[in-house]
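> Assemble the whole structure, with the sequences as input and the hints as a guide.
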Amino acid sequence: MKDSLAFEIVVVGAGPAGLAAACTASERARSVAIVDDNPAPGGQIWRGEARTPWIERARSSPVQLLTETQVVASPGEPALLAARGDRPVEIRYEKLILATGARERFLPFPGWTRPNVLGAGGLQALVKGGMPIAGKRVIVAGSGPLLLAVAAYLRRQGAKIAMVAEQASRGAVLKFARTVARSPSKLMQTLGLMRDLAGVPYRTGCWPVEAAQGEVKFRRGGRTWSEPCDYLACGFGLVPNTELAALLGCTSQDGFVAVDSRQQTTQPGVYCAGEPTGIGGAGLAIVEGRIAGYSATGRPDEARRLFAERDRGNRFRIKLQEAFRLRPELAALARPETIVCRCEDVSFGRIAEHRGWQAIKMQTRCGMGPCQARICGPAVDFLLGIPADSVRPPIFPVPAGLLAEDL
Amino acid sequence: MVEILVNGKVVRVAPGTTVAAAVLIAGEERFRHSVRGEPRGPLCGMGICFECCVTIDGRPNLRSCQMPCRDGMEVVTAVFNEG
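Protein sequences appear in the order of chains X and P.
Each residue of the first sequence is one higher than the one before, counting from 1 in this note's numbering.
Each residue of the second sequence is one higher than the one before, counting from 1 in this note's numbering.
What the hints contain is simulated information worked out from the structure, not anything from laboratory work.
Just so you know, even glycine gets a beta-carbon here, dropped at the ideal spot from N, CA and C.
A few of these clues could be false.
[Claimed, not checked] Footprint (simulated), chain P over chain X, 3 or more residues, beta carbon under 8 Å:
hint, region
1, 99–112
2, 368–379
[Claimed, not checked] Here are a few chain X residues that sit away from chain P, every Cβ distance over 12 Å (derived from the structure):
hint, residue
3, D3
4, A29
5, R47
6, E56
7, R57
8, L126
9, G158
10, V173
11, S185
12, L197
13, G222
14, G269
15, H354
16, P387
17, V391
[To be verified] Under 10 Å between C-beta atoms, here's a sample of chain P residues computed to sit facing chain X:
hint, residue
18, A20
19, A21
20, F31
21, E38
22, R59
23, N61
Written out as structure tokens, the structure reads:
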């Protein structure tokens, strides 16, 4: 027998968008729950920070926090099926708000599967979870403002940051910096990071080309050289987690979940907020979460008052996207023998023989392992222009037997 | 402090430490072996990539980055699993 829970509003994801949505909805709704796979609320950006205002607000509200609870399927009715350890739990809802966040984009290059190569946000999350980093020589590489935040965090924890390598050009980064300088709060954030990173080389137009034990080869302006390091922390921007939205039948546009002005998806009663609708950072995620919370509880006027703030966030989102666009040279780093699908060890050469995602899956098993193409899918899309767009339940691997009653 | 076993070795960690961190504290960076036998360790740190899977209390393929250490846990990584 599985457990069964029912709420008026169910929010999936306890990051900035989900917390803001749940807190806002709880002002009016009879019952609100947030479901999240992680052991604590905060999402990736507030991981390990118990004192963030939105986390404190959620904790002092009637919102029920269901952590270590992974949504795996949607069994037809307005209900989700989740796994809590080995136990299945059915979570029924009247309105659903998806705030499933984003993950890092990883691009394959020779050596990227070595244990000393981690995600940028990935290494930060591990250190927040207690991984020792003091005294380790770390290079942070890839693309986006996250690299600076990660480098500053790791340095505060005692890591020696040898270099931050940003693939975007100097011109693009400087143009973006001027945008940031126009927003007082973002400028303050940046000045804090610059203080934390004083003396650390920030190389633009620079990217890793090969990782080996104890050293990583970089390229910049036609020059290639090796840098010694204990860890390479490497992420090429973020990709939205849209699997649950796709499973529920929500339409997506250019890889993001399509929403109307009230943050409602193409499925009535299903809302979406934060990174799945566009990579715009925590500020935009919070505004979208609040709008979704108001909309889901029948308060369109309150929602409308936040539209201007959301518009500002969206303008920033577009600048972010333009500045950190990935250069085509990065698609040439994978050699025929370089692994693209880490779950099934499928090399780039084998994948490149095929013309569509279904053929790639059927012929090579790329994307068929436990990550269900969350890592290799965005890589295949970048390398070959083939979107990995098939989603089927369960959207996360679950112990056999858990789904026996439902699928 | 919480006490767990990693490949038979006692590791004492602060409460809230993830199993992934405890494995690294134990000096082990090979969490699992890939299907071709390559050593792998954590990548995403957020429960998405399944590269940090280990055996915990006899249950295989658990994501160590999403799992807080609990007193008395027995963790086994690829090295001990597959020799």
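> For a quick check of understanding: which of the numbered hints are violated here, in increasing order?
5 and 8
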